[in-house]
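> The primary structure of each chain is shown beneath.
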Amino acid sequence: MPDKRIRVLLAKPGLDGHDRGAKIIARALRDAGMEVIYTGLRQTPEQIVNAAVQEDVDCIGLSILSGAHNVIIPRIMELLKQKQFDDVLVIAGGIIPDQDIPALQQIGVSEIFPPGTSTGAIIEYIKNHLKERNL
Amino acid sequence: MSKISTPHSRWHELKTQWEKKTLNPLVQKSQERRKQFTSISGHPIEVLYTPADLENFDYEKDLGFPGEPPYTRGIYPTMYRGKLWTIRQFSGFGTAEDTNQRFHYLLSQGQTGLSVAFDLPTLMGMDSDHPMSDGEVGKCGVAVDSLVDMETLFEGIDLEKTTTSMTINSPAAILWAMYLVNAEKKGFDLKKISGTLQNDILKEYIAQKEWIFPPRPSLRLITDIFQFATQQVPRWNTISISGYHIREAGSTALQELAFTLRDGIEYVEAAIQAGLNVDDFAPRLSFFFNAHNDFFEEIAKYRAARKVWYRVMKERFQAKEPRSWMLRFHAQTAGCSLTAQQPYNNIVRTTIQALAAVLGGTQSLHTNSMDETYALPTENAVAISLRTQQILASESEVGNTVDPLAGSYFLEKSTLEMEEGCWDYFEKIDAMGGMVSAIECCFPQKEIQEAAYQYQRAVERKEKIIVGVNDYLVEEEVPIETLYINQDVARKQVTRLRKLKDSRNNAEVKKSLTALRKAAASADNLMPHFIACVGNYATLGEICDELRSVFGTYVEPIF
Numbered sequence: 007m008p009d010k011r012i013r014v015l016l017a018k019p020g021l022d023g024h025d026r027g028a029k030i031i032a033r034a035l036r037d038a039g040m041e042v043i044y045t046g047l048r049q050t051p052e053q054i055v056n057a058a059v060q061e062d063v064d065c066i067g068l069s070i071l072s073g074a075h076n077v078i079i080p081r082i083m084e085l086l087k088q089k090q091f092d093d094v095l096v097i098a099g100g101i102i103p104d105q106d107i108p109a110l111q112q113i114g115v116s117e118i119f120p121p122g123t124s125t126g127a128i129i130e131y132i133k134n135h136l137k138e139r140n141l
Numbered sequence: 010m011s012k013i014s015t016p017h018s019r020w021h022e023l024k025t026q027w028e029k030k031t032l033n034p035l036v037q038k039s040q041e042r043r044k045q046f047t048s049i050s051g052h053p054i055e056v057l058y059t060p061a062d063l064e065n066f067d068y069e070k071d072l073g074f075p076g077e078p079p080y081t082r083g084i085y086p087t088m089y090r091g092k093l094w095t096i097r098q099f100s101g102f103g104t105a106e107d108t109n110q111r112f113h114y115l116l117s118q119g120q121t122g123l124s125v126a127f128d129l130p131t132l133m134g135m136d137s138d139h140p141m142s143d144g145e146v147g148k149c150g151v152a153v154d155s156l157v158d159m160e161t162l163f164e165g166i167d168l169e170k171t172t173t174s175m176t177i178n179s180p181a182a183i184l185w186a187m188y189l190v191n192a193e194k195k196g197f198d199l200k201k202i203s204g205t206l207q208n209d210i211l212k213e214y215i216a217q218k219e220w221i222f223p224p225r226p227s228l229r230l231i232t233d234i235f236q237f238a239t240q241q242v243p244r245w246n247t248i249s250i251s252g253y254h255i256r257e258a259g260s261t262a263l264q265e266l267a268f269t270l271r272d273g274i275e276y277v278e279a280a281i282q283a284g285l286n287v288d289d290f291a292p293r294l295s296f297f298f299n300a301h302n303d304f305f306e307e308i309a310k311y312r313a314a315r316k317v318w319y320r321v322m323k324e325r326f327q328a329k330e331p332r333s334w335m336l337r338f339h340a341q342t343a344g345c346s347l348t349a350q351q352p353y354n355n356i357v358r359t360t361i362q363a364l365a366a367v368l369g370g371t372q373s374l375h376t377n378s379m380d381e382t383y384a385l386p387t388e389n390a391v392a393i394s395l396r397t398q399q400i401l402a403s404e405s406e407v408g409n410t411v412d413p414l415a416g417s418y419f420l421e422k423s424t425l426e427m428e429e430g431c432w433d434y435f436e437k438i439d440a441m442g443g444m445v446s447a448i449e450c451c452f453p454q455k456e457i458q459e460a461a462y463q464y465q466r467a468v469e470r471k472e473k474i475i476v477g478v479n480d481y482l483v484e485e486e487v488p489i490e491t492l493y494i495n496q497d498v499a500r501k502q503v504t505r506l507r508k509l510k511d512s513r514n515n516a517e518v519k520k521s522l523t524a525l526r527k528a529a530a531s532a533d534n535l536m537p538h539f540i541a542c543v544g545n546y547a548t549l550g551e552i553c554d555e556l557r558s559v560f561g562t563y564v565e566p567i568f
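Residue numbers (this note's numbering), protein chains in the order written: chain A, 7 to 141; chain B, 10 to 568.
No lab work stands behind these hints: they were computed from the structure.
Heads up, some of the hints might be wrong.
No more than 30 Å apart at the CA atoms, straight line, and that leaves these computed lysine-lysine pairs for DSSO-like [unchecked claim]:
1. K471/B to K133/A
2. K44/B to K455/B
3. K133/A to K473/B
So these bits of chain B aren't anywhere near chain A, every CB distance computed over 10 Å [to be verified]:
4. H17
5. W20
6. D67
7. P79
8. E160
9. P243
10. E278
11. S403
12. V407
13. G443
The beta carbon of each residue, even a glycine, is placed where N, CA and C say it ideally should be.
Construct the complete structure from the given sequences, taking the supplied hints into account.
Okay, structure coming up:
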């Protein structure tokens, strides 16, 4: 599908308001030609999953810095499964300690980007992985 | 400084001569490392500063003496020779018991003041059993649902001897009421206790984004606190007008300074409009700035802050009391400068930043820990950051003389540029009708977002180097120990909340909450009502719900 623009939902789940990263990513993805839907702050897992389904996105990016990732991300993955929308590419970033990463990957989060990741690396990752999935 | 006997034009001449004769031939032969040198904020920096850069510089007008206007050199005549800055490490995690233990540890290690970090549900005025609190309880700070938690948090701490800073904004008045009721119950005199409330809602709308109510009722809560403190808790610092979070959100140093001081102007105006006399509350205003990596830019920022605030208070608000003119501030090293890669390097970054804050004349300082890009810090990591300050204070000898960098052509020029940039921003924001209006049209938010994006691009183009991130990388990272907060905290907190609701006098709770709601709809000062409610063990969530029903909640404009 060479002509279809990649659609990404960027979401800030939980209570934390640190949106510097999410907003930089939103702009970088747009500059790279993707369509970005940013949910705004303090979205529940239900709101995020509903938005993803409604907007029929290819990728969900979750930005979370509060330490609530081990509770919130599994719920999002569960809801995606219930809605049979779990073929979407899910990536996450923020303050997520190394020891939590394997468990999150096991439930279907494709990649966790630590602080210091370049926007270029994230753009490449999304493009490559969506290409693989569509093959 | 430039000798009066040398006319300014002569300095220009001399500098031009040097450029022609010595500088340019060399630069033509071997180019400088970069085409343009800029501060971390993107501000251009010249190869050399001389008296030629300080044309109208006047020692008396621009610097003065420490403890005297315009306070550029510091607000106290002896600065750290008299009293060192307060070492105030911000901490809070898990339950009130966990944090109380950490407080006792920090005090036993020579920390001189306390600073409480609350968890996100507390910052948002939600109880631990609220559905949105799931996963968040005790994570970013300590969970405080009611007076019970506040009593535990300060168990065994002498509140007349220890000053406490509380990082709380939207529900600041309620947490402060809990602190005051606890202090009184334990026999401390409200006239003698001291501490600081962050209580700065404007920077929440601008940067940190932990808000509950819309701006105007939020400002009323703040002026209620000012008024109550003036009469009842005279040693309390009622607000800590914060640039820290603005900078963390990606602003430049100048934006941090200008937006923070302009927020300060907004609070002073609100208090005057509420009928307060400027000299009654202004001496209790305090500020909070970031200490970032660009050493000289930061020092210039702090010095300019004191100078600008002096003029604001004296000229714009006609304050008469010298204490109203003095900008006192707390500094914290830049969390956003820390890297997850090679985390031990963060100790070095923090040291440079802390030194800038000290040379800029801070009144108190928090140094971040090396592991904070992963989680809240471990006790071991906190100990190193505490020792960093103690080494600066005891070994470096930098506190032996006041404002030791004054007279540096570069620093004085940077201080002047910071000041000018600040007045320019004030003019723009005044023209928009003030800071609340500027926030409503997203002006500061957009400025910060643009600066953050430009910085990120500069890093990705390697115009700005971050060691371990875009240069000097290592293949295999050595993992470090991190603090882990498990879900037990949430369970404990929810159980305690249920027990409380079963055992308190619920009729009294209801009565005080109803009275609060009525008062919120009137113009009465709400502090006595908060004190009554928390004294009856009404929870933070219950109290905030009453306020939500009267004030509504804030919705961020889309931009």
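> Against each hint, give a clear statement of whether it holds in the structure.
Checked hints:
| no. | hint | result |
| --- | --- | --- |
| 1 | K471/B to K133/A | holds (23 Å) |
| 2 | K44/B to K455/B | holds (28 Å) |
| 3 | K133/A to K473/B | holds (27 Å) |
| 4 | H17 | holds (43 Å) |
| 5 | W20 | holds (42 Å) |
| 6 | D67 | holds (40 Å) |
| 7 | P79 | holds (34 Å) |
| 8 | E160 | holds (25 Å) |
| 9 | P243 | holds (33 Å) |
| 10 | E278 | holds (26 Å) |
| 11 | S403 | holds (33 Å) |
| 12 | V407 | holds (31 Å) |
| 13 | G443 | holds (23 Å) |
When held up to the earlier numbered hints, the structure conflicts with none and fits them all.
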